[in-house]
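Undergrad: Sequence:
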Amino acid sequence: MLIGVPREIATGERRVALVPDVVSQLTKAGHRVVVERGAGLRAGFTDEAYRTAGCDLADSAGEIYSTAQMILKVQRPGREEAGEAELDQMKEGTVLIGLLQPSGDPALFQQLAERRIVACSMELVPRTTRAQMMDALSSQSTVAGYKAVLLAANALQKFFPMLMTAAGTVRPARVLVIGAGVAGLQAIATARRIGAVVEAFDTRPVVKEQVQSLGAIFVELDLHGEEAQDAGGYAKELSKDHIRREKELIHKRALQADVIITTALIPGKPAPMLLDAETVAAMRPGSVIVDLAGEQGGNCELSVPGETVVRHDVTIIAPLHISSDLAFHASQMYSKNVAALVTLLAPKGELNLNFGDDIISAVCVTAEGEIRHAPTRQRLGMSQLQPSTVESAR
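The working numbering puts the first residue of the sequence shown at 1, with every later residue one more than the last.
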């Protein structure tokens, strides 16, 4: 297949979907790769590096969209200012792979289906051993958790570690991490490395051992493990009573924290609101909140996605595309995830949409003019996909 890699046009996005070191994995499988000139420069990858790796270079994104059979992206298709929309440039039957935000605006997938584009969303890779190499959410969350601590340390007007000085002892900063998934665990590890005292809260008791192994204190809420996580190991939506008790516990711990890093997400749903305005107002002046759930609405009531604001003398940072701040390594990790999925979809240079494969079935949002992803169909008011339609797509 002819695989195309355009330059990302989303504001603030510096990552690239494919890095030179991974190109050989695709060319050995019989694919040809074309990259838009300058696509990797913001992440530190030169056109010459792509040429040396065996890629062809295209002068424009339009050239890629008009010829490529498969498009690899980081962000969902958008529109460059005063330019043509990326989706409008894609030809019928193109395979699109990227972080397509299946919980975002479902109208995009309606358009993709109408254009008979095969859309595969990296966020929908199942959390299984077989799919581990394709797990882009985990790889990018690792970057986000690390960077969140650096943002917090930069904004906090205190040292993170304890220091013994001639002027006396400086006490370490206290950090509360909400959500002990991949991003949360990386945030815990990073905060501990630079000397903070760390507490972590998660609704899933199963993560307690992981939190403690990193040297943090696990803040517990009396919940049964089967109520707190789904079959895939992700946190799931809780009852209103559980959320109320959760907020009360978080409020108490927040009053002692210098930094709060929130990472709580529920797949396919808006982020749970765990830090209300009252809690923020009661926090120590000069405290910092880094809300990593900003792209899905935020865990803090006062977060403004994409902005840093000060409310009640508390700095609230809600970054978008935070992994893009470490674009070099984030791109390397994401590229390996994407290449693994491409290898599964087209192992011998030709597309093989086998919906009997659990990974392919999970990631494929649209195919053959249909929206296959059940939550997206539901949000668009569509009936469930009929088995006969699924069989014909195979």
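Worth flagging that the hints you see were computed from the coordinates, not collected in a lab.
One or more of the hints may lead you astray.
[Stated by the list, open to error] Simulated DEER-style distance windows between Cβ atoms:
no.: 1; residue 1: V170; residue 2: A29; range: 54 to 60 Å
no.: 2; residue 1: R171; residue 2: G83; range: 38 to 44 Å
no.: 3; residue 1: L351; residue 2: G78; range: 20 to 26 Å
no.: 4; residue 1: K269; residue 2: M133; range: 39 to 45 Å
no.: 5; residue 1: G12; residue 2: T169; range: 47 to 53 Å
no.: 6; residue 1: K252; residue 2: L351; range: 50 to 56 Å
no.: 7; residue 1: R245; residue 2: T169; range: 51 to 57 Å
no.: 8; residue 1: D313; residue 2: E248; range: 32 to 38 Å
[Said to hold, decoys possible] 27 Å max Cα-Cα, derived DSSO-like pairs, lysine-lysine:
no.: 9; residue 1: K247; residue 2: K208
no.: 10; residue 1: K158; residue 2: K252
no.: 11; residue 1: K252; residue 2: K240
no.: 12; residue 1: K247; residue 2: K91
no.: 13; residue 1: K240; residue 2: K208
no.: 14; residue 1: K158; residue 2: K240
no.: 15; residue 1: K208; residue 2: K269
no.: 16; residue 1: K28; residue 2: K247
no.: 17; residue 1: K91; residue 2: K269
no.: 18; residue 1: K240; residue 2: K269
no.: 19; residue 1: K348; residue 2: K336
no.: 20; residue 1: K247; residue 2: K269
no.: 21; residue 1: K28; residue 2: K336
no.: 22; residue 1: K91; residue 2: K158
These numbers come from a predicted model, not from an experiment.
Cβ coordinates follow ideal geometry from the N, Cα and C atoms, glycine included.
Undergrad: Does each hint fit the structure? Answer for all of them.
TA: Consistency of the hints with the structure:
Between V170 and A29 the beta carbons are some 55 Å apart, a value that agrees with the proposed interval 54 to 60 Å. Remark: the range hint 38 to 44 Å for R171 to G83 is contradicted by a beta-carbon distance near 53 Å. Between L351 and G78 the CB atoms are about 25 Å apart, so this pair conforms to the stated range of 20 to 26 Å. Range check, K269 to M133: Cβ separation about 27 Å, and the 39 to 45 Å hint is violated.
At roughly 40 Å, the beta carbons of G12 and T169 sit outside the given window of 47 to 53 Å. Checked against the hint of 50 to 56 Å, the C-beta distance between K252 and L351 comes to roughly 54 Å, which is consistent with it. For R245 and T169, the Cβ-Cβ distance of about 36 Å falls outside the hinted range of 51 to 57 Å, so the restraint is violated. Look at D313 against E248: about 23 Å separates their beta carbons, and that is not inside 32 to 38 Å.
With a CA separation close to 19 Å, the supplied pair K247 and K208 stays within the 27 Å bound. A hinted pair counts as satisfied when its Cα atoms are at most 27 Å apart, and K158 with K252 qualifies at roughly 21 Å. With a C-alpha separation of about 19 Å, the suggested pairing of K252 with K240 holds against the 27 Å cut-off. Between K247 and K91, the direct Cα distance comes to roughly 48 Å. Violation of the 27 Å bound is thereby established for this hinted pair.
Taking the CA atoms of K240 and K208, the gap is near 23 Å; set against the 27 Å cutoff, the hint holds. A hinted pair counts as satisfied when its Cα atoms are at most 27 Å apart, and K158 with K240 does not qualify at roughly 36 Å. Proximity of K208 to K269 is assessed by CA-CA distance (about 24 Å); at most 27 Å being required, the pair is judged to hold. Under the criterion of a C-alpha separation no larger than 27 Å, the hint pairing K28 with K247 is inconsistent with the structure, at around 52 Å.
Using a Cα cut-off of 27 Å, the hinted pair K91 and K269 is violated, with the two alpha carbons roughly 31 Å apart. Under the criterion of a C-alpha separation no larger than 27 Å, the hint pairing K240 with K269 is consistent with the structure, at around 15 Å. A hinted pair counts as satisfied when its Cα atoms are at most 27 Å apart, and K348 with K336 qualifies at roughly 18 Å. About 19 Å separates the Cα atoms of K247 and K269, which keeps this hinted pair within 27 Å; it holds.
A C-alpha spacing of about 15 Å is found between K28 and K336, which places the hinted pair at or below 27 Å, so the restraint holds. Proposed proximity of K91 and K158 is contradicted: the alpha carbons are some 54 Å apart, above 27 Å.
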